[in-house]
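Visitor: For the protein sequence lines, the chains are A and B, in the order given.
To convert, note that position 151 of the first sequence is 151 in my numbering; the numbers rise steadily by one, no gaps.
To convert, note that position 117 of the second sequence is 117 in my numbering; the numbers rise steadily by one, no gaps.
No lab work stands behind these hints: they were computed from the structure.
Do not take every clue at face value.
[Unchecked claim] Straight-line alpha carbon distances no greater than 20 Å define the calculated EDC-like cross-link-like pairs of lysine to aspartate or glutamate that follow:
(1) B/146 / B/156
(2) B/299 / B/156
(3) A/222 / A/26
(4) A/46 / B/203
(5) B/299 / B/203
(6) B/299 / A/73
(7) A/46 / A/5
(8) B/299 / A/52
(9) A/222 / A/207
[To be verified] Have a look at the derived ranges for each label pair, beta carbon to beta carbon:
(10) A/166 / B/240: 51 to 57 Å
(11) A/201 / B/300: 39 to 45 Å
(12) A/218 / B/299: 35 to 41 Å
(13) A/29 / B/192: 48 to 54 Å
(14) B/277 / A/113: 41 to 47 Å
Quick reminder that beta carbons are idealized off the backbone N, C-alpha and C, glycines included.
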Amino acid sequence: MVRFENVGMRYGSGPEVLRDVSFSLEQGSFTFLTGLSGAGKTTLLKLIYVAEPPSRGLISLFGTELATARRKDLPAIRRRIGVVFQDFRLIDHLSAFDNVALPLRLAGKKVSDFSHDVRELLSWVGLGERMHARPATLSGGEQQRIAIARAVVARPDLLIADEPTGNVDPEMGARLLRLIAELNRLGTTVLVATHDRALVEATRGREMRLIDGQLVQMRPTK
Amino acid sequence: MIQFFGGERATYLLPRDKGAAPLDFVIAVMAFLAALSLGASLVASRAAHSWQSGLSDHITVQVMPPDDGDVRAGLENETQAALSVLHATPGIAHAAPLSDAEINALVEPWIGEDGAVSGIPLPKLIDAVITPGEDVDVARLAARLKQSAPHSSVDDHRRWIARLRGLADAVRFSAYGILLLIAGATAAAVSFATRAGLDAHHEMVALLHQMGALPGFIARAVEWHYFISALLAAALGTVSAGLFFLGAGGLETFGVEAVPFLPPLSLRWDEIPWLLAVPVAASLIAWATARISVLMVVKAIY
Chain A
1 MVRFENVGMR YGSGPEVLRD VSFSLEQGSF TFLTGLSGAG KTTLLKLIYV
51 AEPPSRGLIS LFGTELATAR RKDLPAIRRR IGVVFQDFRL IDHLSAFDNV
101 ALPLRLAGKK VSDFSHDVRE LLSWVGLGER MHARPATLSG GEQQRIAIAR
151 AVVARPDLLI ADEPTGNVDP EMGARLLRLI AELNRLGTTV LVATHDRALV
201 EATRGREMRL IDGQLVQMRP TK
Chain B
1 MIQFFGGERA TYLLPRDKGA APLDFVIAVM AFLAALSLGA SLVASRAAHS
51 WQSGLSDHIT VQVMPPDDGD VRAGLENETQ AALSVLHATP GIAHAAPLSD
101 AEINALVEPW IGEDGAVSGI PLPKLIDAVI TPGEDVDVAR LAARLKQSAP
151 HSSVDDHRRW IARLRGLADA VRFSAYGILL LIAGATAAAV SFATRAGLDA
201 HHEMVALLHQ MGALPGFIAR AVEWHYFISA LLAAALGTVS AGLFFLGAGG
251 LETFGVEAVP FLPPLSLRWD EIPWLLAVPV AASLIAWATA RISVLMVVKA
301 IY
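Only chain B is shown next, with the shape it has when bound in the complex (with noise of 0.2 Å):
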């Protein structure tokens, strides 16, 4: 026997469609997607964080080679000059040049890797870390620099942390305006698909609002069973999608190199959650129509 009530609710009144296969498909592919494009946002979001908190706190100071005179020693001189400069600078907590293989592995995929640059003096190269919260003046630490260093220059890059903000920027709002329209469009499906099982279910709903059912206890009967569905299929889709991204997150083990300054595909364990909103969402968006939908029907009968 069938026991539909559940106790004594109209839960599972309804029957399960033989017909709901392909909305449910529909409803996870949806949330699948809706499930990537919300972890895309959440890896750009961290990209575009991580970007700019990583130049901001840095200062390069680059030394170049003097035009005349022993190149080499001029060059030492100036770069410990600088050195003693900066670490003279309040705001500054560490300051260290970049040995000459940091400096070759920069220049390598420009002149190559062997020793043919070996002759060629390159500039010197320092890195300072501004002390986290401090403040320091760019413009009068260039300007002391260049009184103990001539051939020094500084980059605070701000230039390129502009740049980054704004590409970072472009990345994170386009992957909110993709999840909008994608979660636009679960919402669509999930509707559409309610409203299409709720056709076939409208002699029913007639029936027992004819028999004296309440409209809420007709609407309990219907809404609870494609809050169900609706969840079900959603948490199938945000389920694959978080294996995509745990799978994204393995293919270093594979050999597949990360590509440099952008961020892994992967999720953290804490972004994850975040992904759970995709079928919780689609669930009550099936439940609030459905209900709509029929309280809608019964309505229109007398």
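Isolated chain A (complex conformation) (with noise of 0.2 Å):
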């Protein structure tokens, strides 16, 4: 599912932040990245969504070699990928509904076809009430769920979250870590970086450990 070979990744000129990483993911696991604050998980983040390439090594994803990839080939790989940004990265003038509906609408499908999953999806997450609203208006809380509800509304071969529950309270963090599990029951490949312990161990799954820039450790959850 995700191969990384010796990659290595610097910005421009700057240090090495990411070295000589090598590990793989199987289709259907669920792997926590960790790792303190500028150890290099965003980064590493990145290059398995594909949105940077790597400053050497290879790396491989749903067996296509990136490196060797046509440029044209690349936005059918990335829609198999759900991404729960940090940073949330919501449509602002688009409403809750529309902006989880994104990936579907991207993928070719039809309002009739979609509509009552999004909506079945924006309830789940608690904001059936609040579908028509738009990000502005929501609580930082509640636009991580709509985060959350459209990197998954797709069902995605690949579930990519940064900190996905850093801003809601720990049983709203439970919640959507169930929506989460659920997915990975499925079938969807996990990996969700992240600093609260708790919710590593409280979960079944693998955690890779990111010092400086290198992988660490690989161990299992739980």
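Work from the hints to combine the two standalone chains into their complex.
Guide: The following block contains the structure:
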């Protein structure tokens, strides 16, 4: 599903923020990415969701070697990945409904085909009554829930979440994690970057730990 | 709920920018100026054609009063002789002397309007019209006229036509030059406005790209937005220019007299459609600029 071989990453002529990272994520696996701020977690996620090319090393996604993939093949790969960005990256002038529906529209589906699913998902994350609200009128926690709903709505093959429960209360955090776990149970490979030790220890899966840009630990959780 | 896709297309993915009004105003003003200069070039072109055709098929024969004898009788005799020659000349469709009233009207700006000139013998003028498509040998005609009316001379307006043609060409090419400059400035303004708007939406473009949207999809989401905005703004400017030309045509109704020899500033109805080129060109420039800009932005992203 995801394979890294001796991947290194530097921005411009700066120092390497990732060094010799090698790992693989099996299909249907649930993995936490942990590490202190500045350890390179967000950069690693960017490489996986094909936002940046690595400075060196090989990355393979869904059996495709990115270094040799044609540029026109990348959008199809990106559409198989759901991403919860740390800063949410919601579109301000669209309603909660339209933000969540965006991946489905990009996939060419009709409103009549997905309207029910989107409403149900918004209800699941506690925003059934606010589906017409714009992001600016919602709290940080509510925006985060929309971001998660948008990432999972198209049932991606790979879900990447950067601190998905950072802005919500523990009860809602647990509820969101159940949503992600349910998606994982249906076959989606999940990678969650988090600082939340309790979340890691309470969930069955694996933990990858980054220190100063190097992958130092790979262990099962729970 | 915002139905931003307009069916299944991403036509209105972009919001109407709050800061777009000044840019729309710039586009409207540039379109107004472009339409004005286009209209001016049409007026100049029409005037040049009118001046040329108005003079090129006419010949004026001037018969001067004789120096001695019965001046009036001599003048009348030579005028009739010249008319006979003209009527007998192949290619001359019509020839008639100007009346005293018409001649007085011609000289009135220089020597006054009352009967003060009635005692002065004025030259006789004969206006001859050449049959369309016929050619008249003016030199031979002048020689034959000299034999019958020794005090006659022929003016085929060639000198005037050349000067008018030069003036009309200067006006016309000046208008074309101004039109080109304004069209260039309009294109630059539309392009600048489009790029400025796109800068504000860079994050959204990057997000759509990240979510796997194809470059063509993202471009379509953006380009129609700018196409329609520019079309509406430029249409407003063009309609204003059209009203200006219509208003200029109606000035005589309010007692503003037309200047002799200068064409009316109004456009004919069959010339009005040319103005439609302005909003069409402005919106196409905006469309192309937006599309190229988006594709370049997307290309710059991994």
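Visitor: Can the restraint linking residue 299 of chain B and residue 52 of chain A be considered satisfied, given a maximum Cα separation of 20 Å?
Guide: holds (13 Å)
Visitor: Can you confirm whether the C-alpha distance between residue 146 of chain B and residue 156 of chain B stays at or below 20 Å?
Guide: Answer holds: residue 146 of chain B to residue 156 of chain B is near 15 Å, not above 20 Å.
Visitor: Would the hint linking residue 299 of chain B and residue 203 of chain B be met if the CA-CA limit is 20 Å?
Guide: The given pair, whose Cα atoms are some 14 Å apart, holds under the 20 Å limit.
Visitor: Under the criterion that the straight-line Cα-Cα distance not exceed 20 Å, is the pair residue 299 of chain B, residue 73 of chain A satisfied?
Guide: holds (14 Å)
Visitor: Measure nothing beyond the straight line between the CA atoms of residue 46 of chain A and residue 203 of chain B; if it is 20 Å or shorter, mark the hint as holding.
Guide: holds (16 Å)
Visitor: Check the hint pairing residue 299 of chain B with residue 156 of chain B against an upper bound of 20 Å on the C-alpha distance.
Guide: Not OK: residue 299 of chain B and residue 156 of chain B at ~67 Å, beyond 20 Å, violated.
Visitor: Taking 35 to 41 Å as the stated bounds, is the beta-carbon spacing between residue 218 of chain A and residue 299 of chain B within them?
Guide: The hinted range 35 to 41 Å holds for residue 218 of chain A and residue 299 of chain B, with Cβ atoms some 37 Å apart.
Visitor: May I ask you to test the hint 41 to 47 Å on the CB atoms belonging to residue 277 of chain B and residue 113 of chain A?
Guide: holds (43 Å)
Visitor: Does residue 222 of chain A pair with residue 207 of chain A here, judged by a C-alpha cut-off of 20 Å?
Guide: holds (10 Å)
Visitor: Is the gap between the beta carbons of residue 166 of chain A and residue 240 of chain B within 51 to 57 Å?
Guide: Given about 54 Å between the Cβ atoms, the range holds.
Visitor: When you take the CB atoms of residue 29 of chain A and residue 192 of chain B, is the distance between them in 48 to 54 Å?
Guide: Holds: the Cβ-Cβ distance is about 50 Å, inside 48 to 54 Å.
Visitor: For the pair supplied as a hint, residue 222 of chain A and residue 26 of chain A, is the alpha-carbon distance within the 20 Å limit?
Guide: Holds: residue 222 of chain A and residue 26 of chain A sit about 18 Å apart, inside 20 Å.
Consistency with the previously given hints fails for number 2 only.
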